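Asks: In the order they appear, the protein sequences are chains A and B.
Just so you know, we're using this note's numbering here: the first sequence kicks off at 96 and counts up by one.
Just so you know, we're using this note's numbering here: the second sequence kicks off at 96 and counts up by one.
Hints were generated in silico from the structure; no laboratory data involved.
Heads up, a few of these hints could be off.
One copy or any two copies: either way a pair holds, since identical chains are not told apart in the list.
Unchecked claim - Straight-line C-alpha distance at most 25 Å; calculated SDA-like pairs for lysine to any residue: (1) K173 x R266; (2) K186 x A281; (3) K165 x R266; (4) K186 x A107.
None of these values were measured; they are calculated from a predicted model.
There are 2 protein chains.
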Amino acid sequence: MGIAERKGRDRAEREARIVAAAREIAEREGWDAVTVRRLADEIEYSQPVLYSHFENRDAIVAAVAAEGFKDITTALQKAASRSSEPRNAVKNVALAYLDFALRRPALYEAMFVLPTNLRFAKAETRPELRAAFEALAAVVALFCADVAVAAATETFWATLHGLAELERSGRIRPSARAERIALVVAALAGCRNGPRPSDE
Amino acid sequence: MGIAERKGRDRAEREARIVAAAREIAEREGWDAVTVRRLADEIEYSQPVLYSHFENRDAIVAAVAAEGFKDITTALQKAASRSSEPRNAVKNVALAYLDFALRRPALYEAMFVLPTNLRFAKAETRPELRAAFEALAAVVALFCADVAVAAATETFWATLHGLAELERSGRIRPSARAERIALVVAALAGCRNGPRPSDE
DNA sequence: GAACAATATCTAGCGTCGCTAGATTATGAG
DNA sequence: CTCATAATCTAGCGACGCTAGATATTGTTC
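From just these sequences and the hints, can you work out the full model?
Replies: Okay, here's the thing in structure tokens:
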């Protein structure tokens, strides 16, 4: 009975096309241009079909955001892995984070700004989000005592997020980005409540 | 010719009522509930009147945001002034910032999240925004060399903004707020590239 | 292969939004 | 008192998210 499976595959493929179209339009023209009618046009189906895949428009945005979390996780992991020395790892991760946020503003917006309604409660934290957090925590753990890693990672994350948002909205000087990152690296390096007894 | 002045006063008062209504509705029911029709109802005029005061809905949101910047500036200044010791000043300012963002989420949203279109270019930075920045810079200056104050303030601000946003959207643990702020204070205190040769 | 049940999809439209053109009313000048 | 001007309103356009009910497509059964 491969027939049901083929249907399932077709459905999944169509769903992926919806998400891909949403992402492309958002990155090219902003999220306001991502309307259900437009997406329906793009995939060459009528509007109600979209509602058989997603509960509402916000759920489509959330699906794009989930992709974004996967992307940023790999970007952060790659940045961390190509750095031998801890301070350099922090710097490269920070740079990678800002690069991601500023080069894909619409995607980043979907991840952090837009679907304020679809909140993640603490228990049911989405795995994609958790993975991104862990990628940051891995770098922070190079400097902080295990007991302080969670709060330090949250703070590090908040700083990166804030830098991304304020730079994205033109409220801090793009020219001073390197200087700011240097400050962040220095701050984290100073967090020696119990460092890993390794190099440096 | 006091007649034109009376008209001007009436107009200004009506404009203030629009902004006040927008702020109240937003704080009570969220920005989605702030529609032009609803505001027109609230001030007991028809819709087009609103467009003689503001270019569009976003401009109304921006007016509320401007009020918010004034409010946060005084809140930060007050927090700084009631602290004698520098480290305490930083801590109190950080607490005041987060308190503001989390107790008036809609207002904070208007200031930093919503009107992404109405950007502030670097030159024409709105004075209200500049004043808020200066209030932060005053505290940062207690620790950093003059030459580094700007970047340090931007980074400090970014951290506070990130903490506010991530906590507001339920992505970091509210219970660890004090711990995170302690880390921020420690980091800033470590920024001794050329401290003020004063107390501590 | 024809008839039917189930599923998939579409057409058409509801209510609401931001915004505006053109009609209408109030206002102050001569 | 007349009349131009300014202030305000009524009515409606186009687009939005979303959905009920009609229609077409599909797979099953005899």
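Asks: With reference to the structure, classify each hint as holding or not holding.
Replies: Results of checking the hints against the structure:
1. K173 x R266: between (29 Å within a copy, 23 Å between copies)
2. K186 x A281: both (10 Å within a copy, 20 Å between copies)
3. K165 x R266: between (28 Å within a copy, 16 Å between copies)
4. K186 x A107: So K186 and A107 fail the 25 Å test inside a copy (39 Å) and across (51 Å) alike.
Hint 4 from the earlier list is the only one contradicted by this structure; the remaining hints agree with it.
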